[in-house]
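Visitor: The primary structure of each chain is shown beneath.
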Amino acid sequence: MLWGSRKTINMNYFPDEVLEHVFDFITSHKDRNSVSLVCKSWYKIEKYSRQRVFLGNCYAICPERLIARFPELKSLTLKGKPHFADFNLVPDDWGGFLYPWIKAMAKSRIGLEELKLKRMVVSDESLELLSKSFPNFKSLVLVSCEGFTTDGLAAIASNCRFLRELDLQENEVEDHRGHWLSCFPESCTSLVSLNFACLKGEINLASLERLVARSTNLKSLRLNRAVPFDTLQRLLIRAPQLVDLGTGSYVHDPSSEAYNKFKAAIQSCNSIRSLSGFLEVAPRCMSAIYPICENLTFLNLSYAAGLQSNELTKLIQHCRKLQRLWILDCIGDKGLGVVASTCKELQELRVFPSNPFDAGNAAVTEEGLILVSEGCPKLNSLLYFCQQMTNAALITVANCTNFIRFRLCILDPIKPDPVTNQPLDEGFGAIVRSCKGLKRLSLSGLLTDQVFYYIGMYAKKHEMLSIAFAGDSDKGMLYVLNGCKKLRKLEIRDCPFGDAALLEDMGEYETMRSLWMSTCDVTLGACKMLAKKMPNLNVEIINESEQTESNLDDSQKVDKMYLYRTLVGHREDAPEFVWLL
Amino acid sequence: MASGCSKNVESRPLLLDLIPQRREWHHVKREDEIKDGSSEEKKLELRLGPPGEENWLSSIRNNTEGDESLLSPGYFSSSMKNNGKLAHKFPCPEDNHPVGVGSVLSTPWGKNHHQQQTKTCSFLQFPSTTAPPNSLPFMAKESSQPCSNKVVDLQDAERKAFKPPANTAVPLNTSHKRTAPGPVVGWPPIRSIRKNLASSSKLSSDSPSVDPPQKVASEKPGAEPNGKGLFVKINMDGVPIGRKVDLKAYDSYEKLSTAVDELFRGLLAAQRDSSAGGIVNEEDGEKAITGVLDGSGEYTLIYEDNEGDSMLVGDVPWHMFVLTVKRLRALKSSELSALCLGSGKQGGR
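Residue numbers (full-length UniProt numbering), protein chains in the order written: chain A, 1 to 581; chain B, 1 to 349.
There may be inaccurate statements among the hints.
Below, in silico cross-link-like pairs of lysine-lysine (DSSO-like), each with a Cα-Cα straight-line distance of 30 Å or less [claimed, not checked]: (1) A:Lys485 x A:Lys532; (2) A:Lys436 x A:Lys486; (3) B:Lys326 x A:Lys118; (4) A:Lys314 x B:Lys244; (5) A:Lys263 x A:Lys132; (6) B:Lys244 x A:Lys200; (7) B:Lys248 x A:Lys138; (8) A:Lys485 x A:Lys334; (9) A:Lys116 x B:Lys195; (10) A:Lys334 x A:Lys461; (11) B:Lys233 x A:Lys118; (12) B:Lys195 x A:Lys439; (13) A:Lys489 x A:Lys116; (14) A:Lys200 x B:Lys233; (15) A:Lys118 x A:Lys30; (16) A:Lys334 x B:Lys255; (17) A:Lys200 x B:Lys195; (18) B:Lys248 x A:Lys200; (19) A:Lys132 x A:Lys116.
Hints were generated in silico from the structure; no laboratory data involved.
Just need the whole structure built from these sequences, with the hints factored in.
Guide: Now the structure itself:
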């Protein structure tokens with residue numbers, strides 16, 4: 001109707017506030033990035049209204065430029081080290097330091113309220129500065145970080161008056177056994193989420209109880225191993241409104257008074273939807289939690305190595321509404337069959353190895369996976385450590401076309417299909433062919449270039465690919481780079497991919513966040529060439545041998561290379577063993 | 001292709017002879033056998049381009065016309081991998097088109113290839129193709145590390161014929177199929193937290209262990225599991241009173257070493273005071289106990305493992321140590337050589 005008339009409505013006639021209001025409804029980072037590209041005025045409005053920023057690689061830009069770009073920043077997510085740092089492939093001190101960010105934001109009077117960090121090095125100093133610089137600070141989430149102690153936590157507790165969330169997931173924290181929990185002032189009643197499960201040391205239990213008692217909004221509480229069963233029971237009485245509970249030590253005598261009290265307490269916690277912890281668990285005590293199982297949507301028993309398969313299955317039979325399950329492989333194939341027949345709402349399954357270094361004895365095989373894929377129609381996310389896998393099984397599993405994340409780890413990384421002795425190319429090929437929405441894939445088992453051919457051809461939506469001990473030649477890597485146009489992160493270890501593959505399409509790397517290659521066939525000379533030709537990439541070599549850069553000649557293979565796109569050139573905090581080409 | 005196959009086998013009974021040799025190689029790892037193997041392999045090598053290349057079919061035909069078998073020797077080695085151990089892969093001379101074992105057999109193009117595979121399998125009656133993985137007991141004894149190095153050396157030699165040399169990087173880089181020698185850094189891809197789960201929980205739970213006996217430390221006396229810790233006795237030479245230390249409170253040898261210092265520093269000083277007849281030498285006072293791990297200090301840490309042997313602390317990764325340690329002892333370093341050490345390391349480091 002409007003197009004036919006001579007007057008057209010121009011969005012720019014609206015006052016800025018209106019546009020800003022419209023933009024408020026646009027929450028996805030990608031969409032907001034697109035909005036800012038439309039025109040100058042939209043860029044400006046979006047810039048000043050942007051409050052949440054996600055930086056997948058903290059070295060892609062520097063703090064000062066970030067602050068200049070988004071001066072109204074309130075919520076920042078930063079990721080530091082490459083993913084393979086989780087598996088000890090990246091030496092300590094590689095980088096990813098938080099301090100410069102805090103310092104810059106403090107100086108610029110950014111009103112930071114939320115900070116979420118992954119694989120960063122967080123010093124006590126930075127935590128202290130954080131706690132003192134941002135009066136409205138509300139939420140700190142640290143995932144797989146390191147470098148801080150409980151002293152830093154004490155600073156956060158003492159100084160962040162409006163703290164709502166303190167969530168520590170799988171961090172390396174030096175425990176000074178101080179009383180950081182006691183540092184929460186009596187006036188602090190705003191806590192909604194408190195997770196300290198990864199702390200190894202003792203906790204002041206009395207302080208914890210008082211804190212929980214006065215935090216009437218507390219919805220999520222995850223305790224560490226040092227919190228004994230008695231205390232757990234008392235905490236539950238004070239916080240029956242909990243939605244997410246992580247137990248500490250779950251070791252007790254089933255005939256004891258404490259156990260009976262616990263059973264009574266947990267019955268009134270009918271809001272609990274998510275259960276984790278069981279960092280220490282005695283068997284035969286799980287029946288106490290049966291009453292809350294029927295409402296659970298997330299169950300994490302992946303640290304509960306003391307539970308055997310029959311106990312696990314009895315428990316799971318009560319969990320009909322489960323959507324996410326993290327479990328150890330001691331559940332066994334049969335146990336997974338019980339999951340398949342009980343948990344019809346299951347979307348995410350993670351099966352971790354209980355004996356990671358004993359490749360011959362993992363308790364789950366392809367059988368378990370088949371059962372789950374056949375029984376759980378909503379399954380879309382998988383992490384599965386197993387002893388073996390067959391092509392036939394993967395082809396069957398591929399009938400479950402909803403997979404967004406598919407990570408398979410066969411403990412023997414080059415194991416073929418044990419029935420046919422063939423590589424698993426066909427199986428994975430079937431997965432990528434059928435699962436058109438697949439975004440993340442991790443491969444293992446015996447694999448040739450063929451599987452990469454399939455990936456390049458079918459995996460159009462792939463964003464992250466992890467490859468280990470696979471492929472035969474450069475062609476493998478080239479299939480991937482040429483075919484997967486949406487690839488953001490590619491990490492490769494121990495594959496025969498060399499210079500030809502690396503240098504074939506250098507422009508490709510600017511469309512990706514990062515590339516990791518270790519123990520491949522890439523030479524120093526090729527890395528240097530790449531660095532020279534692509535000024536918007538940082539090409540870093542991690543060298544752990546004694547040789548210095550001058551000793552190594554260009555034809556020598558590099559052990560570890562990590563490259564990423566960046567707007568700010570070489571970083572200044574690289575340690576000696578990282579060569580910036 | 002099928003006819004080519006049978007013809008090949010008839011004209012090359014040597015192929016069957018190779019099979020027992022190969023088994024022995026895995027078991028015995030003799031260099032001369034390997035070298036023989038390599039020349040055989042070269043002849044038998046099947047050069048295949050990756051799928052999609054027009055001329056790969058013709059290259060197969062070229063290769064099979066001669067004395068070569070349809071199956072690369074790699075085929076046999078891959079089936080030997082079924083045991084779950086990381087076996088080495090036979091080297092392939094061509095860098096860029098090595099024969100992935102599977103690629104010979106599993107290319108999607110030809111259903112006929114699959115048929116050939118089964119035909120040749122049954123023809124040659126190689127047991128592992130149809131038998132379950134455990135039918136190759138000899139593989140259980142294989143330690144792949146020395147083999148893989150040799151495999152890689154061969155690869156290097158062959159590679160030089162095709163490519164300019166000058167690769168001096170770690171051998172693993174050069175093999176086209178990764179042969180992981182024993183535990184590989186960063187594999188399986190799990191966080192450190194998850195690595196010791198089974199061991200630490202078995203010590204805290206009272207359920208029967210399903211693991212092979214050598215993994216379970218809790219049933220033997222000496223290490224007291226309770227819900228909260230793994231307490232082992234620790235004695236220091238010259239100090240009559242022992243201590244108990246909770247190994248679960250530490251995750252590294254350094255921390256244990258610090259703990260030893262904390263536990264015994266005072267006791268040792270007190271002991272010295274009394275033995276010196278009450279004359280306190282102020283310089284001695286309470287001296288820190290250091291160097292217990294590397295032989296540089298006055299005392300050296302040793303332990304008794306679940307087999308009753310005395311072992312030097314620090315050789316194995318921490319999580320393995322925790323699994324097998326029964327009791328600790330801080331021995332005077334000067335007396336170390338007098339003790340017969342189970343690990344065979346005598347006289348300290």
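Visitor: Taking the numbered hints from earlier one at a time, note which ones the structure violates and give those numbers from smallest to largest.
Guide: 3, 4, 5, 7, 8, 10, 11, 16
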